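Given the sequences, and given the hints that come with them, work out the whole structure.
Chain by chain, the residues:
Number of protein chains: 4
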Amino acid sequence: MSAVRVGVVGAGNMGADHVNTLHRWVSGAEVTYVADIDKARAAEVAAAVPGALATDDALALIAAPEVDAVVIASHDSTHADLAVAAVSAGKPVMCEKPLAPTTAECVQVLEEERRSGARIISLGFMRRFDPGYGELRAALASGAVGAPLLTHCVNRGVSSAPGCTDEFSVTGSSIHDFDTVPWLLDSRITEVSWHAARPTSAVTGLRDPQVLLLRTADGALTTVESFLNAGYGYEVRCEVVGERGTLALADPARLVTDAARARSTGYPADWRPRFADAYRLELQAWVDAVAQGRPSTLATAYDGLVASAVAEAVIVSMRDGGRTVAVQVPEV
Amino acid sequence: MSAVRVGVVGAGNMGADHVNTLHRWVSGAEVTYVADIDKARAAEVAAAVPGALATDDALALIAAPEVDAVVIASHDSTHADLAVAAVSAGKPVMCEKPLAPTTAECVQVLEEERRSGARIISLGFMRRFDPGYGELRAALASGAVGAPLLTHCVNRGVSSAPGCTDEFSVTGSSIHDFDTVPWLLDSRITEVSWHAARPTSAVTGLRDPQVLLLRTADGALTTVESFLNAGYGYEVRCEVVGERGTLALADPARLVTDAARARSTGYPADWRPRFADAYRLELQAWVDAVAQGRPSTLATAYDGLVASAVAEAVIVSMRDGGRTVAVQVPEV
Amino acid sequence: MSAVRVGVVGAGNMGADHVNTLHRWVSGAEVTYVADIDKARAAEVAAAVPGALATDDALALIAAPEVDAVVIASHDSTHADLAVAAVSAGKPVMCEKPLAPTTAECVQVLEEERRSGARIISLGFMRRFDPGYGELRAALASGAVGAPLLTHCVNRGVSSAPGCTDEFSVTGSSIHDFDTVPWLLDSRITEVSWHAARPTSAVTGLRDPQVLLLRTADGALTTVESFLNAGYGYEVRCEVVGERGTLALADPARLVTDAARARSTGYPADWRPRFADAYRLELQAWVDAVAQGRPSTLATAYDGLVASAVAEAVIVSMRDGGRTVAVQVPEV
Amino acid sequence: MSAVRVGVVGAGNMGADHVNTLHRWVSGAEVTYVADIDKARAAEVAAAVPGALATDDALALIAAPEVDAVVIASHDSTHADLAVAAVSAGKPVMCEKPLAPTTAECVQVLEEERRSGARIISLGFMRRFDPGYGELRAALASGAVGAPLLTHCVNRGVSSAPGCTDEFSVTGSSIHDFDTVPWLLDSRITEVSWHAARPTSAVTGLRDPQVLLLRTADGALTTVESFLNAGYGYEVRCEVVGERGTLALADPARLVTDAARARSTGYPADWRPRFADAYRLELQAWVDAVAQGRPSTLATAYDGLVASAVAEAVIVSMRDGGRTVAVQVPEV
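Protein chains in written order, with our numbering: chain A, -8 to 323; chain B, -8 to 323; chain C, -8 to 323; chain D, -8 to 323.
One or more of the hints may lead you astray.
No distinction is drawn between identical chains; accordingly, a pair holds when it is met within one copy or between any pair of copies.
SDA-like cross-link-like pairs, simulated, lysine to any residue; straight-line CA separation at most 25 Å [said to hold, decoys possible]: (1) K82 / R228; (2) K82 / P153; (3) K30 / L44; (4) K82 / R265; (5) K30 / E57; (6) K82 / A109; (7) K30 / D279; (8) K30 / A138; (9) K82 / R15; (10) K82 / S(-7); (11) K30 / A45; (12) K30 / A317; (13) K82 / E182; (14) K30 / A130.
Honestly, the hints are just simulated from the structure, not real lab data.
Please read these numbers as outputs of a predicted model, since none were measured by experiment.
Quick look at the structure:
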């Protein structure tokens, strides 16, 4: 069986990470092409893969005969157009979240996919492939703690990127839970509200941390803490409270150190060590599906639309005093 | 130095527990009198203490020459009148929370105490004496994690008592956090909102679990989960998120068991094992203060009024669609 | 019921700690007398207790009419003579471990106690009163993990005292396990061997850490690590491996801190915070027994003899190449 | 770059697991041939891989032009002969531990490899590729806790296979630590002793659990507990005690469950879930080395010889009353 030849658009942190993962850790994949608006950067990343080509023309990559399938990891604003181009070319695509910055653009992508007659867009909500989340979902589905009533999510990072806005905390960080919670509970998010904590003094003018309340169709309530400038490390928590007990992600640290009057485990500085395995398993699942010519088990373009619709409702609440806002998912 | 002679009003679970603690574990205290509306129950509890008298007349106990100081652990509805009686008799009193079911009654008690010219009412918010909460508060005050921005509290029990109401979850369980959070953060609660999770099917007609949002004057936000029918055990959690890190209560279990494919620690069936040490330390601190004729280090009657005012605001929110409600503390 | 009037011999760290515990935390006890070879130190410690007397004459304290019962916390070399004096005076005594530096002296004390016709010597193996050890023992006795096959004990401290010897690691630190393991397993130690790890460079000429193997009569094997200069903190571990599972002491820390890329719990600098509760509960149990005129539930003088016999066997092994040595407990 | 074509000898649990891992999870590998003494079993395992052939003739597999490199996962007694055959054929080989049941046979394999002029035998001590062990080793090497003085290893399983012997506990289970400890400490094992715990009643006539003491050339002491019938689950522990602190493997569980009065994490029933990632990373490292024509980073045939020499010394001690035995590694 010949390898799936993958072209990766975007050679920033995320794209370079995908190139490396596909090249070194994914069975049955071959990176053949790397595109970036900065051609030197594309070339640098491609250089790590024997035989891979580099370009600053993403559309050329998508059209290239050396490319069977496309990974989109470029700037958020480019996702929709590139996804449409890949669909038009009939090539399966794994697009990083978000599918598009607005639900309107998401709808356009979905309509293009529908016209193509095949479900060939996969969305990079990698938490679905994290082994911890996977065990939590399986235990919940098995009825280990009864029906879910309440969920607590926490997303913390060391520091936010320059120019970060209140909205980005929603669209760039909390959006993961907009996908994960419905996937865990098997119930869509119907209404939301946004609440400011006391803002950290680390970044002037940013309302960070934030707390969101999400209501799912089953009546369960979810609290989400997003704290981009938590300082101490990158950490993700999730606990589902059911009728007979709770299920929570364990501390993923592998080493316990006793030193200097403390027992400790470490936190990574960013999301990459925490979710390295999730990215690998996600890309493997995607490549396997491409190789077998079937829809992938990843999140779909529609999942991406839904998550963006939740984000839009949260931002309405943020701008309107924290009132409860119903989630509107456009018909497609 | 002669022992402080204590009369205990109320011989239910809480009162019997206080009698036992004072008799067996508190230095410098002697239980001399036990009162209960059910005289047989009073006699049974008193029988465990050599020489202790029993009565069904709480006022007689308060007036008795064998009683230097009074513990009130009878029904909530009796707290205010008994506290007033003890103050009138010039005897220091340790009153279980709540000081009174309404803020109006709390105010009457405070006015009586003011007229007495001495601060002789202490309130039983025992979490202030739990060693874990104490370490958390000290670490926070030391600046270990910077200014507090966000707090997460969780209160879970095995099952609610028969006849439990939505309001009782607030006045009987969450009220602990209405005292603890301002004490930890050194900032009063200014506004609140109430939110229902999906209700457990364990009890018909009860909205349990509940989530509260509390805003303190410093701008920090607190989430409180109260789940009376959590089923799995009695558990209290508290985490304060600061600018540079977080502080949280550790699992208080003392034994780790490896058996039957699991590593586990146990949960108690109710609050008594969890807070046995807190009750002991609270009563010891109270007895020490009585013996030395000085105000105690326990929560005050005013703290009790403030906590009741927060509870009233939460109940207004509960009955009004979860809107944000400002806390009004009556002037005294 | 009048308080038990206690005289404390020894006003060093341990004695001062006992005075404070008896005075502040033990119900039904009163410290009336403090003795120390350094009279100023005795006076300083006594000054914290209203009405307590101070002396440099331990025998005067034992004889004093103000003293109902005696705590011995002076230098190890004085324990035997003072215990004999207290027994001769007919006063119950709580003697810190060891009962005496040699088994020969232990035997003399036991013979004196036998002549007195009453079991009035208690020995300060306080781990028996640590709530964690207590839960472990109860779970083991309940058959939670089946018959015990193997036990792992670890005793670590920050640094050893000046002049510390290889032998002191046995008689001062590991000796706790010589009492605790038979008490947990209900089986006496029959043979032992001593093994050096690579010595720490922290102290020249000291063989630290050490590993001991202990065999109990039931066939179970126990490993003991003693590391006086572990540096990072004071820590005690104990795990019993049974036929169907294991039981172990949990981390006793009360606070979890997330900061500086780590999740951590703290270690104390010495044994006092770790075993404060055990000392309190031990002294309370002793005072209760004295007040009721019955033998205490503490370790006995015979338990002290047995532990010293084990220590002697370990030291024989240490000096003889780590060979297996049978424990010889003198007949009394 | 074309994939490395791998032939796998042995289609039992271990071999089938390797076939699956190579096929599904290793980048750049292709399983082309499966051999087993039971041809039906070989065929069944091969059927999961499109195009893979099956045979009952291991030598035919080794000689086949479709095979670039060989994995040996057949019965221990066949390892040496098959490794020699692969070396003779000039094909890189990844042989499961042990290299051979006796050091004498190990020596023969090493001599054959030396004659071949290339280091082409790799040995399957997969713990070297477990991320937890890897972090522990890196932290130790970085000096995080100072020089290692003492190591504690624990290997526990649910139940031993039928016919299991005292010796198998050494050669099949503890042997992992004979490789891991020198690899962690960078110091070879020089002497050993064997000690029986009280035997479990689960299996008649088996001395299980066992405790080993290992001395490394640096003077450090290692304790190893091997308990094949621990009952409660499969668990591996490792703690290295250094001059300034300790390093230990964390609990690898991913899910925490609160239910039925307990907080718990799960244990697997056997080694496969625990070391799935280690096997994947080991095979990936091996395939990468084969593809690049360089020696692998896996354990070598010499490492296998050394581990077998330690095992032989332990068995001498077992049969000779637990005396200390020097490890003799044959010259090659």
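Now for the hints, and whether the structure bears them out:
In this assembly of identical chains, K82 and R228 lie within 25 Å of each other by CA distance neither inside one copy nor across copies; the values are 36 Å within and 47 Å between. In this homomeric assembly, K82 and P153 never come within 25 Å of each other (Cα to Cα): the closest approach is 35 Å inside a single copy and 54 Å across copies. In the homo-oligomer, the alpha carbons of K30 and L44 lie at most 25 Å apart inside one protomer (11 Å), although the nearest pairing across protomers, at 45 Å, exceeds that limit. In this assembly of identical chains, K82 and R265 lie within 25 Å of each other by CA distance neither inside one copy nor across copies; the values are 30 Å within and 38 Å between.
In this homomeric assembly, K30 and E57 come within 25 Å of each other (Cα to Cα) only inside a single copy, at 18 Å, whereas the closest approach across copies is 41 Å. Proximity of K82 and A109 under a CA criterion of 25 Å is satisfied intra-copy only: 10 Å inside one chain copy versus 45 Å between copies. In the homo-oligomer, the alpha carbons of K30 and D279 never lie at most 25 Å apart, since the shortest distance is 30 Å inside one protomer and 29 Å across protomers. Proximity of K30 and A138 under a CA criterion of 25 Å is satisfied in neither setting, with 52 Å inside one chain copy and 45 Å between copies.
Proximity of K82 and R15 under a CA criterion of 25 Å is satisfied in both settings, with 23 Å inside one chain copy and 23 Å between copies. Taking CA atoms no more than 25 Å apart as the test, K82 paired with S(-7) passes in both settings, with 17 Å inside one copy and 24 Å between copies. For a Cα distance limit of 25 Å, the shortest separation of K30 from A45 inside one copy, 7 Å, qualifies, whereas the shortest one across copies, 48 Å, does not. Taking the closest pair of Cα atoms, K30 and A317 never come within 25 Å of each other, the shortest separation being 44 Å inside a single copy and 57 Å across copies.
Within a single copy, K82 and E182 get their C-alpha atoms no closer than 35 Å, and across copies no closer than 54 Å, so neither meets the 25 Å cut-off. Taking the shortest alpha-carbon separations for K30 and A130, neither the intra-copy value of 46 Å nor the inter-copy value of 39 Å comes in at or below 25 Å.
Comparing the model with each numbered hint stated earlier shows that hints 1, 2, 4, 7, 8, 12, 13 and 14 do not hold.
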